[in-house]
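Chemist: Start from chain A and add chain B according to the hints.
From first to last, the protein sequence lines are chains A and B. Quick note: the first sequence uses the numbering used here, first residue 1, plus one each step. Quick note: the second sequence uses the numbering used here, first residue 1001, plus one each step.
These aren't lab readings, by the way, just hints derived from the structure by calculation. One thing to keep in mind: the hints can contain errors.
Restraint ranges, calculated between C-beta atoms of paired labels, are given here [claimed, not checked]:
#1 I100/A to V1063/B: 36 to 44 Å
#2 T1053/B to L71/A: 34 to 42 Å
#3 E28/A to G1050/B: 33 to 41 Å
Idealized CB from N, CA, C, for every residue including glycine.
Chain by chain, the residues:
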Amino acid sequence: MANHKVIRNQLIGISLSTLDGEEGIVKEAVRGDASSFGSLYDHYQPRIYRFILIKVSRKEEAEDLTHQVFLNAWQNIRSYKNRGNPFSSWLYKIARNQVIDYYRTAREESSIEDTNPEFFVTPAVAHTNLDKNLEFEKVLLALRHLEPGYQDVIIMRFVEGFSIKETAKIVNKSEGAVKLIQHRGINKLKAMLS
Amino acid sequence: MELFELLKKLNNIKPDPEYVEKSKRVIFSAPQLMPESNTWGRVMIGIRIGAVTSLAAIAIIFVSGLFGGKPSSVSALDPVAIRAEAQAIDIQIELTKFGYDNPTTTLKMIVGQITSGKSDSPSKVGENQTDESTSTGEVSINQALELLTEENE
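Okay, chain A solo, but in the shape it has when bound:
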């Protein structure tokens, strides 16, 4: 269902990484309008949550870090400056820094094996058969062992379904660099899973 939606949006040219009328909404949010920021929150919060959960593997940590990302964004939204990148670029940057801080301070070796996939995966995914759950575990574990740069691009390209162009804008890299990172990242994932 979600995949069909992604494909449909891509076919009709709707950008997946941005919200409709985002520029105006962001301007209002920068002026301190809570409802505009609320719209941005509703649109981006699930993505940021997924992005963080895949990186940290634990539901509680992912919730705390996601909360912190949006709290920082809300508190500093008046300092936000549009430099041509989508608003999500700013949010993903805050999220990346939150994850880096988390690993720097916690230093706890949390293992994906300790985490029950049903704990954080929606029923649509969780209520599949045991083999599929094991496959998910393997993929998540492999993703978590990738370097952050590869993780970011693979999550944006294959989990969120962003285009190369959108991903390049969000990670602030050239499209060629994104293609290269994607290619290497996928090869590394495949090598880990084989």
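Modeler: Same frame as chain A, but now just chain B:
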């Protein structure tokens, strides 16, 4: 299942709705930080720094004025007064003894004493020999030996 399909399935991960509502409520109840990087903020910071610097400068001037305008040490360094004082000092250096430790002169004295009978005076001998002996000590010795030989004869 293929890798790409598995990755796409991860898109179904969604946060707990209860958590979302709670988190949203907490975020919107938090105060926003006022940016200091905007133009008005920069102007205000500039005014504050300027005011503090001016007050500090005024305080320094006031305190230095309070504890005497011109320090006494400065007046002592007046060049005209120093020059006058230097001219007033009477410098008299008396050379009580001025001599050289010259072996030739000593030898002349000895020879003069020995030949006091023949020569007019030791000083004269010294004076006569001064011109010749100043260049080398060897001439003086020869003369001295000649004089001694003459005396012995």
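Chemist: Per the hint of 34 to 42 Å, is the separation of the Cβ atoms of T1053/B and L71/A within bounds?
Modeler: The hinted range 34 to 42 Å holds for T1053/B and L71/A, with Cβ atoms some 37 Å apart.
Chemist: Should the hint that E28/A and G1050/B are 33 to 41 Å apart at their CB atoms be regarded as holding?
Modeler: holds (35 Å)
Chemist: Could you say whether the range 36 to 44 Å given as a hint is met by the Cβ separation of I100/A and V1063/B?
Modeler: violated (51 Å)
Going down the numbered hints, you'll see the structure goes against just number 1.
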